[in-house]
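Undergrad: We have chain H; now place chain W onto it with these hints.
There are 2 protein chains.
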Amino acid sequence: MSSVGLDVSRADGPAKIRGAAQYAADIELPGMLFVKALRSAYPHAKILRVEASKAEKLPGVVAVLTRDDLKGKNAFFGPVVKDQPVLAIDRVRYAGEVIAAVAAEARDIAEEALDLIEVDYEPMPAVYDLLEAMKPEAPVLHVDRTKAQSFPAKSGFRLQDEGNVLSRYHVEDGDVAVGFGESDEIFEDVYTSPKIQHAHIEPHATVAYWEPSGKLVLYTSTQTPSSIRTQLAELLGLPQSMVRVIVPFVGGGYGAKTHPRLEPLAALIARKAHRPVQWVLTREEVFLTAHCQAAVVKIKTGVKRDGTIVARQVEAVYDIGAYALTSTNTGRNGGEVSGGPYRIKHQDLTTYCVYTNTPPTGPYRGFGVPQVCWAYESQMDDIARRLSIDPLELRLKNLVREGDPFVTGHNLVSVGISDCARRAAEAIGWQRGAEQAPRALSGKVRGKGMAVMIKTTMTPSNSSALVRLNTDGSAVLLTSSVEIGQGTLTSLAQIVAEELGLSVEHVSVTFPDTDVTPFDQSTSSSRTVFTMGGAARQAAHQIRQQLLEIGARVLEANVEDLQLINGFLEVKGVPDKRRSIPQLFQARYGAAVGNMVGTFDNQTSGGLDPTTGKGKGSVFYFLSACAAEVEVDTDTGKITVQQVITAVDAGKAINPRLCHMQNEGSMIMSLGSSLFEEMVFDNGQPINSTFLEYMPPSMEDHPKKFQSLLVETPHPEGPYGAKGVGEAGLGPIEPAIGNALANALNGIRVKDLPLRPDRVLAAVQSAKEHGV
Amino acid sequence: MSSVGLDVSRADGPAKIRGAAQYAADIELPGMLFVKALRSAYPHAKILRVEASKAEKLPGVVAVLTRDDLKGKNAFFGPVVKDQPVLAIDRVRYAGEVIAAVAAEARDIAEEALDLIEVDYEPMPAVYDLLEAMKPEAPVLHVDRTKAQSFPAKSGFRLQDEGNVLSRYHVEDGDVAVGFGESDEIFEDVYTSPKIQHAHIEPHATVAYWEPSGKLVLYTSTQTPSSIRTQLAELLGLPQSMVRVIVPFVGGGYGAKTHPRLEPLAALIARKAHRPVQWVLTREEVFLTAHCQAAVVKIKTGVKRDGTIVARQVEAVYDIGAYALTSTNTGRNGGEVSGGPYRIKHQDLTTYCVYTNTPPTGPYRGFGVPQVCWAYESQMDDIARRLSIDPLELRLKNLVREGDPFVTGHNLVSVGISDCARRAAEAIGWQRGAEQAPRALSGKVRGKGMAVMIKTTMTPSNSSALVRLNTDGSAVLLTSSVEIGQGTLTSLAQIVAEELGLSVEHVSVTFPDTDVTPFDQSTSSSRTVFTMGGAARQAAHQIRQQLLEIGARVLEANVEDLQLINGFLEVKGVPDKRRSIPQLFQARYGAAVGNMVGTFDNQTSGGLDPTTGKGKGSVFYFLSACAAEVEVDTDTGKITVQQVITAVDAGKAINPRLCHMQNEGSMIMSLGSSLFEEMVFDNGQPINSTFLEYMPPSMEDHPKKFQSLLVETPHPEGPYGAKGVGEAGLGPIEPAIGNALANALNGIRVKDLPLRPDRVLAAVQSAKEHGV
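Chains H and W, in that order, are what the protein sequence lines are.
Quick note: the first sequence uses the numbering used here, first residue 10, plus one each step.
Quick note: the second sequence uses the numbering used here, first residue 10, plus one each step.
Honestly, the hints are just simulated from the structure, not real lab data.
Think of the CB as a built atom: it goes at the ideal place given N, C-alpha and C, for glycine as much as any other residue.
Keep in mind that a hint or two might mislead.
[Said to hold, decoys possible] Okay, derived cross-link-like pairs now, PhoX-like style, lysine-lysine, Cα gap no bigger than 20 angstroms in a straight line:
{"#": "1", "chain 1": "H", "residue 1": "K777", "chain 2": "H", "residue 2": "K647"}
{"#": "2", "chain 1": "W", "residue 1": "K82", "chain 2": "W", "residue 2": "K281"}
{"#": "3", "chain 1": "W", "residue 1": "K281", "chain 2": "H", "residue 2": "K224"}
{"#": "4", "chain 1": "H", "residue 1": "K25", "chain 2": "W", "residue 2": "K224"}
[To be verified] Where chain W lies over chain H, by a calculated footprint (3+ residues, C-beta under 8 angstroms):
{"#": "5", "region": "218–226"}
{"#": "6", "region": "316–326"}
{"#": "7", "region": "467–479"}
{"#": "8", "region": "555–562"}
{"#": "9", "region": "566–580"}
{"#": "10", "region": "602–609"}
Just chain H, same shape as in the assembly (with noise of 0.2 angstroms):
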């Protein structure tokens, strides 16, 4: 192949390195006027008045939006449960949540505005505890539960009526009864995730204006213009082609950037102006626009002394925040794989989803998954330790293989999980069995882990691709998928240019713009270069099916003798006998005019059962491995990682380099989280809403050995074999650093993420006071 499985250069390189690449708080329109908003101080409470006059006077102000701006109107949105306002209406549900928005002439001009409008509260009882959340007792945040809800129907997950719970994801396979009673042992565990910070270092940004035609168009830094488009367009009463939406390039995402965030409010307020409005979050500010959902999994297993896992309970609870965005999808896609990669005969398998008063979450790079895989993978090398089985034969001995049937009921294809863990474990020099020997716990001590993880992708799904070749050979890929970073602008290329058999530098990618560009249904769940290279790749497909027709004609050959390379067409071994591209569209009409069009709608098939949790949960898996050294200081506590190798089975690599770069962003994502990262709130106040107190890893904290593996199972249905790679290696570097933890600890295991210098002492304690 001439383009795919090469290291093509980033496309998004050279604007990117001087700093010239523009990013939505770039945009600046004449007469824009800058957004800041009023946030609510209480966590739970009844707004009685809002008061904006005195704000509305300052000079500089344009606009004050209130509650009093959305009476009569549609107000709320959500993309499955319509529970979010644009802004609060008769009650905040959680500290930070905006009450009030100002557009001035200048920042500090709408920043000294919202100092005078007055807002009167009743507090009311909050709850910050998911667990406590779950109770009859608890202060109910969600009392109107029948607002318009829109999901597909095999969403798998069911909404629930009343209390805080919003939705429960089930499935079961076989009978854990009868399971656990053929069980030798059995390991019951709770392990817990904190609320935790995506960290991209863009923060949210939206420019919004309205043309005198009455369309209103958004700057924004997204990752699912095509939903947006459709909520605002819903929101506001629009036409679809009324509501414009353009992403330039976008600073990180990683789930944070997905759905309606700014966007309502900034439409609002630009309209109220009738100027352009700019938003910008502060960093405090996007603390309490997204994080991940904290999680509490209660896990139980029943394994045979040989190590074969016969049964598993896995009851596990989401702590969404104060709305729901996705987080139903969230719980349901931890719940289908929280049993693990592994052929266990007795499954029950249970999440919860729960509404408490604390910042909304939303997707989290790893979608539910990272939280069950601690779990799971925790609880795997405790079974190893019990069993004196080396961890990663206990791994092998149960992964799941090619074909077989997973908990849901669909057969797993393009499965190198295997190799995944023993390419890993090599790369680590994991030495069977020595890896468990008892340390002495004083002074640093060593300890090897790995663990493995499966992950699902958003099925359906939808994505459009565009394909337009130009009467020179140069192409264009009309696509709204976004460029977050991950390199979707050089990839989808690669695959448009080996299609067309045109070099990568002739064919362009678009940046969205729901104008023009088509439907995607979102850059998330790592599904651009399956489903979209997919679209792109049958788009392309058809007009090389044009081109090879039109050869044939002209070079009286068969379209079976032809091929496409180099940007000729030529009949394969006689390399003299060939048309370019330009001749091929003269052929075609004389003239150098027109162009080739194709275009494709992909769309995946699938979706699970909402009553039984049952059905294809996705069209790819994500299947990865990670190996994992830490040293720990037995009198501080601190964890230096020493090593860090992850596996991923990326089907096929349309660019290798780039599926290395996503692996190491997983790895350093994740190493913070292993170590470091928890979103800290006193009382349901943030308060440790900047880097510098919330503390995501330094390059100090970079480890020796860093390397990414790609393991190459090709999936049928992929283009050119290719699955996604971007989450593929997040999930098991925490489990696989808490195992080496364990490990190095003699087993004494640290339950609860993150794995803090005092944790990490009190087990050094435990160990010491166990005697192990």
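TA: Just chain W now, kept in the frame of chain H:
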């Protein structure tokens, strides 16, 4: 029909009324520089030296572009003949030709820097008159005539090898020698038209920048985005996908904004400056950039005493100025219809395009036809007078009819010209025979006149359209057609709405952006409704078929029994048996996702053989008639136009109000060229390059009665029967006014445009002397 044929309000109305419409000069980019051009003081000279070092040192100057920057590079462009350098290299060919350009932080700095550029010239003999330029002893503008040429094989014209004649078009039918021999009367006249201005309100303006990826982006006021892209890619050696041409609102074009004008230089100086640049012409510079070809038309006609035209011989010469652009096509276009819309057995028609040392010309509304129409329709009234036949009768006797073969050999269809003539005559109160009664030539005298016209449209040509239907039943038409004020955004939306049974408010139309909108040959030749409208209809039709197929399945009905109406698909006659478009999406994919796409490359066939001048000259013909009444002050020579009525065969008026507005535009434009407008040069130096001196018509010149009439003779290949109307009304106005003047002056005729008072007075004098 629910959209087509209705007076739908202009989609661009609100933005224009509220001053929010963005034109190219409104685009402001961060770091943008301003360009000013140094122009030649001489009409023809060798350039001995260009020294820009002092200018480069002026603070605020970022780049100066001179011929030194073009060394070793591809420096010539041109859509047919690559005869035009980006800036003057070894010589200048007209006073005002660009020699160097400055990009600076402010316009006044750029202006100041121009004075610091030193140029040494060696003046050369120049030629300004088109007949002088054809003489063997004339100074030759383009000695090297071997430059790369690109035009379709069936372009009709033949390029000439030497001298100043660039091209020749010739066609004949029968044998004029025989025809003149059989004639009872022979008329031989010479008519002239001067150089005139398009007088678009918005001057030429271009903003150019280079993305770090090496992609050139242009915001430019052009009628031909696809052609700009093709030609700049060729000039700069880039793939077309690396040249992006975006066209915002355009404040009028009339042909002057076709093909590269500012764009090549803007691109090069932006590259040199490494900054975005804006170049906006002053009005004086617009006069130096484009205008309409002056022409001399020699016409000889033989008639029978009963008024049958037997033979006609035309020899016309067009003065194309210093560079070719598409004047070769203008010459052909004028040539093929120079015999008029008449059945004439013997014809011999020849046109020449001739270089002179004047600014480059280019397309002008009517594209070579008004010049010949002025001749044949003026002479027609002389014939009528000599034969004592009513001018309307004479025309009706000879006019082409449905199915007639035209001189180029192709049979005419959709021929409503006799209806046009009758309706225009009726509207002005034409009294057959009575109009020619002699007037007493004192004080103010009145006269009526009429004229008819035939014109071709660009053939062959290509327009591609892409329609996308959103899940909510709104739709977007992707097109590179330019809204130049003619109403394209509206009429194309009507066509798509009609085909899909949508409300027209639910259909939006893009602005051209060559990265995303498909190829279109040009927004000119009044071809958009016919060719792009046809493409849009076909593209929408593909979606219609998809909807019908889904609907047939869901509603268990036959496709033939279904109709799309008001956003629903319903079984004819059973209005409850219906589905909304969102429901049809749901039926397709189980969710409101994806889009339905239709795309169509509309390539019209035809063209003329360059040897015989024969072939299919046009996919449709513009046919129109004008009737005018003037009042002549015999003491001052001032003409006051009392009435102008044009009748145009629109085929089918997609939006009658927009068609009328086009006609009104034609009338006022041609009123100016009839009475006032001419570009005046003194030894090659333009001397009336402002609107104040040039004098386009003002509201004071507006006729009392000013009426547009539409005839609808459906064209079988036009969408819903439509043809173009943009230029149809223009051609017959000058001769109708000229005939009204001759009628007022008892047959004494002014043969040179414009009908200035001095010429009119001379005619009055002559009439008195000849006792008529």
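Undergrad: So, for every hint listed, does it hold in this structure?
TA: Going through the hints against the structure:
About 17 angstroms separates the Cα atoms of K777 (chain H) and K647 (chain H), which keeps this hinted pair within 20 angstroms; it holds. The hinted pair formed by K82 (chain W) and K281 (chain W) meets the criterion: a straight-line CA distance of about 14 angstroms does not exceed 20 angstroms. Of the pairs offered as hints, the one joining K281 (chain W) and K224 (chain H) is violated, with about 38 angstroms between alpha carbons and a cut-off of 20 angstroms exceeded. Pair hint K25 (chain H) plus K224 (chain W) holds up; C-alpha atoms about 14 angstroms apart against a cutoff of 20 angstroms.
For a cut-off of 8 angstroms, the count of residues in the region 218–226 of chain H with a CB near a CB of chain W stands at 5, and the three-residue condition holds. With 0 residues bearing a CB less than 8 angstroms from a CB of chain W, the region 316–326 of chain H misses the requirement of three and the coverage assertion fails. Look at the region 467–479 of chain H against chain W: 7 of its residues bring a Cβ nearer than 8 angstroms to a Cβ of that chain, three or more, so the hint holds. Judged by the Cβ-Cβ criterion of 8 angstroms, the region 555–562 of chain H is not covered by chain W as claimed, because only 0 of its residues qualify and three are needed.
Given a C-beta distance limit of less than 8 angstroms, the hint that chain W covers the region 566–580 of chain H is violated, as 0 residues qualify and 3 are needed. With a threshold of 8 angstroms between beta carbons, the proposed coverage of the region 602–609 of chain H by chain W holds, since 6 of its residues qualify and at least three are required.
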